[in-house]
Each structure stands twice: as structure tokens, then as C-alpha cells.
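Let chain W serve as the given structure and place chain V on it in line with the hints.
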Amino acid sequence: MAPPADRQPLLEMRYVSKTFGAIRALKDVQLTAYGGQVHVLMGENGAGKSTLMKVLAGANLPDPGGEIRIDGKPAAIVDPSSAKSAGVAIIYQELSLAPNLTVLENIYLGREARRGPMIDRRRMSSGSEILARLGATFGPNTLVADLSIAERQLVEIARAIDAKSRILVMDEPTTALSDRETRRLFQLIARLKAEGLAIIYITHRMAEVYELADCVTVLRDGRYIGSLAGEEIKPETIVQMMVGRDLSSFYKKAHSGFSAGKPMLEVSDLSDGRRVKRGTFRLHEGEVLGLAGLVGAGRTELARLIYAAGPRVAGTVKLGGRDVRHRGPREARESGLAYLTEDRKGHGLFLDMTVSENINLQVCGKDARWGGWLNLRRARQRTLNAIRSLAIRVSGPDAQVGALSGGNQQKVLLSRLLETQPKVLMLDEPTRGVDIGAKSEIYRIIDDLARAGVAILVISSELPEIVGICDRVVVMREGVTVGEVGGRSGTPITEQSIMALATGVELSQDEI
Amino acid sequence: MSGAMSPGSPAPAPIAAADDARRQKMRGVMRSFGMLPVLIVLGILIQLACIHFTGEGRFLTAQNLSIMAQQASINTVLAAGMTFVILTGGIDLSVGSILAAAAMVGMIVSKEAGLVGVPAAMLTGLLFGVINGALIAYIRLPPFIVTLGSLTAVRGFARLVGNDLTVFDPQLSFAFVGNSSLTIIPGVVSIPCLALIAFLVVVMSWLILRRTVLGTHIYAVGGNESAARLAGINVAGVLLFVYGASGLLAGVGGVMQAARLYAANGLQLGQSYELDAIAAVILGGTSFVGGVGSIWGTLIGALMIAVLGNGLILLGVSDVWQYIVKGAVIIGAVALDRYRLTGAART
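Chains as they are written, first to last, in the working numbering: chain W, 1 to 512; chain V, 1 to 347.
Next comes chain W alone, as it looks inside the complex (with noise of 0.2 angstroms):
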């Protein structure tokens, strides 16, 4: 630890606590971050991180006890506009502009200069003084709608600087970034650090916190774990304090894996036209194939063309070694197609309904009597199974969906999945928003299912889950599938024997 002691910190957050209902998302975590410096927060998904962040932000109200001082100040955040006047911006995953207004009116959003109630323009030309600053290439008067993410983040800094913020929280700014737009924002990270901003960077990656970080500080599973400063931050020390133990144990592969099994599902030069260019893999039966890539590269809409939820252009799917060509999801399934969608909420569950309606839903059709009537003893047998087969925690058949945990949420929609019976299993982002416990027990599932000769596709950002699960890998890059680690390919599957053909960078070509 060696932050300069003698310096006072900009920001200090100490005992911060959340929870919400009887779920803790926050226990007693502290942060200390200094003018001049990016202090980059790790820790797997469902650690706190965002949550300590929205604290930050004013948009969640810690628990009582808890403190934050800026400048040595006791800070009173209480809402989003407290924690803008006390100089905390946040520059969030899912960009907060409003695309239909233009640069200069979206650095102005909520704070335009008035005369009256008209808006002044004339007062607001420190906007486009700001942007030619931070290097933009594009003018202010550019609909938002026009950019691209890189310059719209570009967009949301300028806002910052310009509210005069001291405080930047980037949430995983790169995620959606090119190598060379990536490049230009540590640029500009350098230049920010240097007017004497503090920056809170959040990220997974572990090659960005050598490039940037003057000080890492770790959460798990909402607690505080640690802080590394300098020589300290090694990246064995990072994983261990993210996972808190030996990784090996984490991931289970007790299935034969890639040995095995006939293929059951081979596509080929499959298109949408869009987004996917160019899918071609074959999954084989009992195996657990991985899906990477970059965040956009197309792994979620190959998966959702292969299950018929987007209308295909060209390419085919064979099933079992038979071309199918669905309509619709109603006739993937049918036909022995499951898919887990990566946006449980929102594409997934129906929050409102109970596990039991949940659990059933895709199989009460079949389960039912005399031309639709409910067979609601064999549907509660089902969901009885279920919570004992994947342990999923609840109270009972009835409880309602919305109220559970992530992790259990993310069983309720797996065992609606296996209910029917699927031959191929694409599960997209499988453990995204799941905690510790339940991320090891579905790797459990995954492997059982791959054991009982299941052909499984797994998508996931995380490359240690993919290099931990699966038998072999298929990266995407810009909507094609490029290659292949594992296997016969004679690639062994490494975070960077994925990361090499994801980014098109050969490694030795890379400076990290």
C-alpha cells in the first residue's frame, strides 16, 4: 500500500453498507481514491462493484453508518444532483445521452445557460472549447445519434469536465471500443490524470490494469477484500483476492469432453446480414464448445439465428445431421433447441409469475390434459424435481420470481430450459449477475448435462469460466468466426489464445 500518505484523498468512502430486502449487497466497503490517479476496481460480477458505484452516484442510498468524504469532507450524496455538486461523474456501460440531441445540447442536458426561460447558446460555447480539447473529431452541433460509442463516451467526459467533476467513474469503457479507440482513451485517461482528476476505472481486464492502474482495490461477493498499490498489483494476487480461492477447484470437467459423441449441431456460413456475418462451427454430442469473443462480435445473435429468433439470409443448420430451417423459436424448440438468453429480465423470465408457472411454462402445453387444460399436480412435480435436482433456493413452487436472487433466478430459467429436454443447449453468458455459490453449482449442471451426452454452447465474456468449462473454443471477430482453440486445432485454450484471435493482435505483437 502506497498511496502517498501525506496527500489527502479526494475521495474516501468508509463502512459503506446496502442491502436490499434480505439481499447484502454491500458489507462495510471502503475506497480511497487520490486527485491524479486511477484507481481501478476489480472483482467478479455480482461483487459490489456497480453497487459502490451507484452509491457514489446518489442513485442508491447507502445504509446507515457509512461515510463519505471528499477532500476530507464528509460528502452528504443523497441523490444523483448532491453527488454531481460534490464533483462525481459516472460514465456508465450503457451510455446516458440522449441520442436524438446533439453534442453540444447533450454536455448541456439538465444545466443549459438561460436567459429567462429561453436557452442561451451563447453561453455555452465552453462545451465546444472542452470537446476540441479532449481531441474530438467531430463537431458540436453532430447529432449524438451520429457517433459512434467511442466518441460518445468522448461526449459524456466532456460532460464531465465541463460540470467540473473531479470524480470519473468509467464502468468498463473498453468493453465496446476497437484497439485503436481503446488506445485513444488511455490517451486521454493519461491527459485526465495529469489535470489532477481522480479515476475510478471498473474493468475485467487484467492487461488494462498494468496499463493503467496506480492502485487496485478488490470486492467479493460485496465485501471489501483489499487494496494493491504499485509493485503490489500482480495478477495471480488479483484472481486470488476476485475468487478468494484455488481456481482450479472452481470449474468442474469431470465429462469425457471432446472425444465423444457424433456432431449434433453443424453450422455453416450462417448470415443475418447484419451483425452476423459468418458462423460456421459444429457441435458434437456430450461436449461443452465455448463461444468468444469481444463484447459485439456477434456471439448473441449467431446463437439467437441458430434458434430462429432473427430472420437468417444465408448459411444452414444442421440438427442431428439433418438441415432444419425454423420458422420461429416455437419450432427450434420443438425440435430440440434450447436457448438461455443473456438478459434474464428482459428476455428471459416472466418476473411477475410464480417458479412454478416459470418452470412449466415451455412444457404445460405438452403436460396438459383434454386439448389445454392444466395438469397442475404433474407441474408442481416438475418444479419439486427441479429445486431439489438444481438447488435452487426458494421457498417453494409458489414463491414469485421477481423476489429471488440472481442466482437462483438464473436456475429457474435453466430448469425451464431442461424441462424440455433439449439435445443442443446454447446458454448465453450462463452466470452473468450470479454470485460465487451458484456460479460454481451451474458449472456442476453444465458438466452433468455434458455427461449425459447434452451438446452444449456456452458464450461467456469471462475468458476464465470459457478456458475453466469448456472442451474446445470458437472466437468470433466482427461477426465471423475466425478460429478455433482446443481440440485438434493443436491451440492450447488460454485466456490469450482466445483474447489473440478475438482481437486479430498477435501476441508477441502486443506490448502488455
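No wet-lab data here; the hints were simulated from the structure.
No experiment lies behind these values; they were computed from the predicted model shown.
Do not take every clue at face value.
What the hints assert, rightly or not - Calculated from the model, a selection of chain W residues having no Cβ within reach of chain V, i.e. all distances over 12 angstroms:
#1 D79
#2 F138
#3 L177
#4 V209
#5 V239
#6 K253
#7 N385
As the list claims (entries may be wrong) - Which residues of chain V face chain W? A partial, calculated answer using Cβ under 8 angstroms:
#8 T216
#9 A220
#10 G223
#11 N224
#12 G232
#13 N234
Claimed, not checked - So these bits of chain V aren't anywhere near chain W, every CB distance computed over 12 angstroms:
#14 Q47
#15 Q63
#16 V116
#17 V130
#18 F144
#19 A153
#20 A175
#21 N179
#22 I185
#23 F199
#24 L275
#25 W321
Where is the CB? At the ideal position from N, CA and C, for every residue including glycine.
Chain V in isolation, oriented as in the chain W frame:
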């Protein structure tokens, strides 16, 4: 409770969870029947006011209750259809017009072909409902706009079929629907045929919503349409069904209305009935965005509207004031309900 209480074991969690489940169940029951106490209190208040102002409790008598059941019945039937629609997150503004059109067709056909008028009216309602549903399900137009259009267009159709005249038929073949009663205890308790129909409609709606695959799919589409699509549910089919059902029930309402009046008029019949039906559904605790609600709540909502209307008349409140009071009570009751629900969530 089970014997999992050995010291140091993490026993409180399942117990807390069981508690949680009970609370959730209670909230569900509260949501459907939450207005029942309000309905009862409203009834008692009106009875007391009747005694106070008129000197006799004319409100809570067997005869008046029977009249009220009759008055509530048509709105209940429309509101049952509206419940299906609102559960999917939609709205049907055209039920009043469809009722008028169905009543006209029923009257005209019955003059020529007697009882055939009844299915003819129901089919008319079904037809318009299916047209609404097809436009919403397959062409994916917003329900509000489609049914706003048919509100006007079907009203025009209702006037057209009767040449914009009132159709009278003192020898109406299906008049028994509107004017006979089922006697339970002679001279004391009898149930009007209209109320019986309404109750049957409610029971059948409940069976469909809670005991069939289709019902589950209706809740699913209303709760999360994109998830329903991804789960392979025939979303378009579900939408077609709910608007078809709403139209069909409006047709039934048309039969009931015509039977009661021995007459139908394309211009006046069923004017703004859709508003009472929507009010009943909302009073019954069904969520306007879909996915949450129950048919029993709707029944209670429809009864509340009838109790208010009937009570205010008995109290001699002028027609103008009846509107104002009715509107205020609807808003107030829903506000009370919201307040109570969020209060329950906090504790």
C-alpha cells in the same frame, strides 16, 4: 415447523423464506380481493346514508340487491373481456360500440329468425373482436389506436344496419334473457338471469386464466412479451384470442342489453361502456401494463361501480353529481390501493 432448528445451523433462512412465501401469497390475495373491504364499507355507508336521509334502509334489501346485480351484470361481462385484454398489456376501447352493433344485429335477425338472433349477435361481436385482434397481432398496430378506430367505425356500422333508427320488438324472442329470474326460495331469493350469465362468464374466465395453458400464456405475454416469444409461445395467437374474447363478450353484452330493453339503437346503446369496463378492471387491481391481475378483482370492481351508481340514485343525488362522485371514487380507490400495496411491500 420442521425440526431443522439445531443450534448453530442456518435454520432461519428457510423459515424466513417460508414466511416470505406466505407474505407473497397474501399480497396476491390482497391484490385480487383487496377491494372487497372497500366494497363492503361502501355498501354499509350507503345503507346508513339511506337510513339517515330517507328514513328507511332501502339499499340493502333483497329486491335492491337483485336490481343491482342486474345493473352490474352487463358491465361485468364487458369487464371480463377487458380483463383478458389488459392482462396482455393491451386495451379495448371498442366494446361499447361492438355491444351496440351486436344488439342491432341480434334484434334484426330475431325478427326474422327468432332465437337465431342470439348467436348472430354473439358472432357479430366475435367478428369485430377478431378484426381488432388480427390488426394488433399480425400487423402489429398499437391496441389503443386500433380499438380507438373501431370505436368509431363499429359505431357507424351499428347505425348503418338499423338505418340509423331504433329497432323495437315487444315480442322479442330472447327477452327472457333480460327479464326472467331463477327462483331459489320463492318470494324471497331469486337470481336475475342477467346476473347468472355474468357470474358464469366470470367463472369461465377464471377457469381459462388459471386452469388452462392458454391462460398461462396470456399472463406470460402480458408479463414479458419478448420472453414469451423466445419461449416459443404463439404470441399472435394469444393476442387474437384476447381481442376475440373481448369482442365475443361484448356481443353477449349486446344480447343482454337488447333483451332487457326490447329495443336497440345504434347511436345511443353502449355509449362509453368501455370506460366503465376499464374502470372495473383497474379497480380490481389488474395492472395496466399487463401480466398481473385476476378476474375476481374485476368482479368486485364491477360491483363497486354498480353499488355506487345505484346508491347515489337511491340517495337522490343529481345525475350531474353522480358523475363527479363516481369519477372521484374510482381515482380515490385506486390511489388507496396503491398506497396500501407499497406500504405492505415496505414492512
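Comparing the hints with the structure gives:
1. D79: D79/W clear of chain V: closest Cβ-Cβ about 19 angstroms, beyond 12 angstroms.
2. F138: holds, 34 angstroms
3. L177: For L177/W, whose nearest Cβ neighbour in chain V is about 28 angstroms away, the distance exceeds 12 angstroms, so it holds.
4. V209: Consistent with the label, V209/W stays out of reach of chain V, its closest Cβ about 36 angstroms off (over 12 angstroms).
5. V239: holds, 29 angstroms
6. K253: Non-interface label stands for K253/W: nearest chain V Cβ at 29 angstroms, farther than 12 angstroms.
7. N385: Holds, because the least Cβ-Cβ distance between N385/W and chain V comes to about 18 angstroms, which exceeds 12 angstroms.
8. T216: With Cβ-Cβ at 6 angstroms, under 8 angstroms, it holds.
9. A220: Status holds, d = 5 angstroms.
10. G223: This hint holds: G223/V lies near chain W, its Cβ roughly 4 angstroms from the closest one there, short of 8 angstroms.
11. N224: holds, 5 angstroms
12. G232: With Cβ-Cβ at 4 angstroms, under 8 angstroms, it holds.
13. N234: holds, 7 angstroms
14. Q47: holds, 37 angstroms
15. Q63: Holds, because the least Cβ-Cβ distance between Q63/V and chain W comes to about 40 angstroms, which exceeds 12 angstroms.
16. V116: About 28 angstroms separates V116/V from the closest Cβ of chain W, which puts it past 12 angstroms; holds.
17. V130: holds, 19 angstroms
18. F144: The claim holds: F144/V sits with its nearest Cβ about 22 angstroms from chain W, beyond 12 angstroms.
19. A153: holds, 32 angstroms
20. A175: holds, 36 angstroms
21. N179: Holds: least Cβ distance 36 angstroms, greater than 12 angstroms.
22. I185: The assertion about I185/V holds, with a minimum of 35 angstroms to chain W.
23. F199: holds, 21 angstroms
24. L275: Holds, since 26 angstroms exceeds 12 angstroms.
25. W321: Check passes; 39 angstroms lies beyond 12 angstroms.
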